[in-house]
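Novice: Throw the hints in and build the complete structure from the sequences for me.
Protein chains in written order, with this note's numbering: chain A, 74 to 482; chain B, 17 to 335.
Be careful, since some hints might not be right.
Result set (DSS-like, lysine-lysine): computed pairs, CA atoms no more than 30 Å apart in a straight line [what the hints assert, rightly or not]:
(1) B:Lys330 to B:Lys25
(2) B:Lys141 to A:Lys210
(3) A:Lys210 to B:Lys330
Treat the hints as calculated values from the structure; they're not laboratory data.
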Amino acid sequence: MSEPLLDVRGLTTSFETGQGRLTAVDDVSFSIEEGEVFGVVGESGSGKSVTALSVMRLLDDAGTVEADEVRFDGTDLLSLSESEMRSVRGGEISMIFQDPMTSLNPVMTIGEQIAEVVRHHGDVGERTGFWSEMRRKYVTGTSTESRSWRRAIELLETVGIPEPEQRATEYPHQLSGGMRQRVVIAQALAGDPSLIVADEPTTALDVSIEAQILNEILELSDEFGISVMLITHDLGVVRETCDRVAVMYASEFMETGHVDDLFEDPHHPYTEGLLASIPRIDDDREWLSVIEGTVPDLIDKPPGCPFQDRCEYAFDLCDRPLVEYELDSNRRARHAVRCHRENDRVRVDESGHVTDVPDEAVAALERRIEAGDGSSNDATVAESTVRADGGSPTGGFDETERRGDRDEY
Amino acid sequence: MGLRQYLLKRLVHSVFVMLFVVTVVFFAVRSIPGDPARLMLGGDADPEALEALRAELGLNEPLYVQYFQWLRRLLTGDFGESIRTGEPVLGSLVQVAGPTLSIAMLGMVIALVIAIPTGIVSSVKRYEIEDYLSTTIAFFGISMPAFWIGIVLILVVGVNVDAIPTFGYTPINEGVGPWLRSILLPAIAVGFPYGGILMRMMRSSMLEVLNEDYMRTARAKGLTSNLVLFKHGLQNALIPVVTLAGIFLAVVLGGVVAVEIVFGIRGIGRLLIGSINRRDFPLIQGTVLIVSFVFVLANIVVDLLYTMINPRIKYGGGE
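Specialist: This is the structure we're talking about:
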């Protein structure tokens, strides 16, 4: 397997607030392969957007981002200087934000908003210094003869905007919501990225154009070989568009796997609950099913599973720090679950309820927790497990430790 | 709607605004106690002489007759004559307009040039030393009346720096240097409160803009923080500031009146206060009319600027 395009290990983002430390992203690991559509699904406030913004290093000073690794195309993003990071933003990785009404600048022409990305990340030989840009903005305006402007018009055409020459000279308020989101897509394509992070790209749009916009994003990314990280709270969208998906809850990735595996055979109780709450057209229930309870407070978050209070399967181990369990049976892609029910030694009955927690289960878990803090090391563990069949194991664990871990799977 | 049509509409509007202003002033000055004839002839004047003077000045006519007579003359461009000196009001106004306009304009320029950049710095360095320093200074500006700032400037600068006069006005045709020096302190005095207000507005407006989604978009495009701030933020932040800058011009115009007295400059303010003291009705009316005209005109200019920096607004509303 070739190296993934984006590989995030142990990403933790927290904010200092007046009430205490708020953990918005807690020990999250994932990877995105080239050309893949990776979905992150979760409810509002679960940390989906912050995850994306942390990778882009777009959080302001209030946020602290820590990670074992954020590797993009072989480069560690966290070790880049700010100016190196700027060439990644909008160039290698571009973003599509939720609300095209507010994410486009109201006082700049559409053409210029796209053209500036072309100028900064493309090879059009136009000056991008501060004073050149300021003169262009406030004195001369963008030349409609310039290469960046012509490229902007091409891009508008690509995303299906009629009369692109005319539209390029207009301002965002002169366009409808759907058209504006197309402009945002054109803007995201302008830097010729290899990854587009789409943060709820259709949430603010009319349902009738939602499908159009999604298709546009997916077709174009397919056409240009761009990977997509699709952040959404809409499971229907995930099912239809993603290759792999991560379910996020209260700042943690609860379950990650191939979209078909996850929908057909969910392992995490939260995923199960989410899937059960999707209304179905052939449903004759009077009440839709819901997950009882509310999301826990993320300020000074206690260790242990954040879902335990709402979980019908909760048992003794749920207070312990979560670790990632990898499911290895007939999966279409690596499938990881953060739920102690997956601990091999924990006995589970047919309904999914835990019947017995033998001491070995507790001991195995404690070994894993001691071996490293959380899934950052689990990832290494998982990898060495895979390699144990064919390749030579690597990684910094002593032999007994690793064997102990492997037994669990 | 074209620019010409829009301007025409605005000018018609301003005619009504000014008509309202002069009407209020006309009746207001006549309702305050004090009789111009008695003020001219002194407290122990002969009643018959007083009566004769009143008749001569037309003050015995019913108010509405006086009002319409004045309006009729105004329509022909005749502002009337000063009761006191008999000189035409318009002539006196033209004579004193120079210093007042010079001070007001320079004060505005100083305020804008300092307040806008300071407001930006303050918002970017929010809750840091730069912010505290500039908001504190701005707060002083807002809290202190212009004439008092003028007095302090005379005491601190004027007395210690010989090159800066503390009294009187040198017209521009006697040299730009002396002219500038003579209006520098009064201009600072009227500009300080105005600048303080503008700075606070610029700061809060920019703070709001910094949180906008499009600013995050701009950062996500990989632009430098300076480009994000000045290319994407500045114009948006200026939109509300420009409007309020027009409205708060009243602070400058009001400040000039008192500051001229402090610096012994014969300008519109001094003329106005003198004419109020002497109950010189035509002169008061004429002066207020001119000042309100300047204010209305300035706000038309501001609104034109506003449509330039905000593409969402078209002349006269609508799309």
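Novice: If a hint holds in the structure, say so; if it doesn't, say that too.
Specialist: Here's how the hints hold up against the structure:
The straight-line distance between the Cα atoms of lysine 330 (chain B) and lysine 25 (chain B) is roughly 14 Å, inside the 30 Å bound, and the hint therefore holds. For the given pair, lysine 141 (chain B) sits about 25 Å from lysine 210 (chain A) by alpha-carbon distance, which is consistent with the 30 Å threshold. Among the hinted pairs, lysine 210 (chain A) with lysine 330 (chain B) is consistent with the structure: their alpha-carbon atoms are about 20 Å apart, no more than 30 Å.
Checked against the numbered hints given earlier, this structure breaks none of them.
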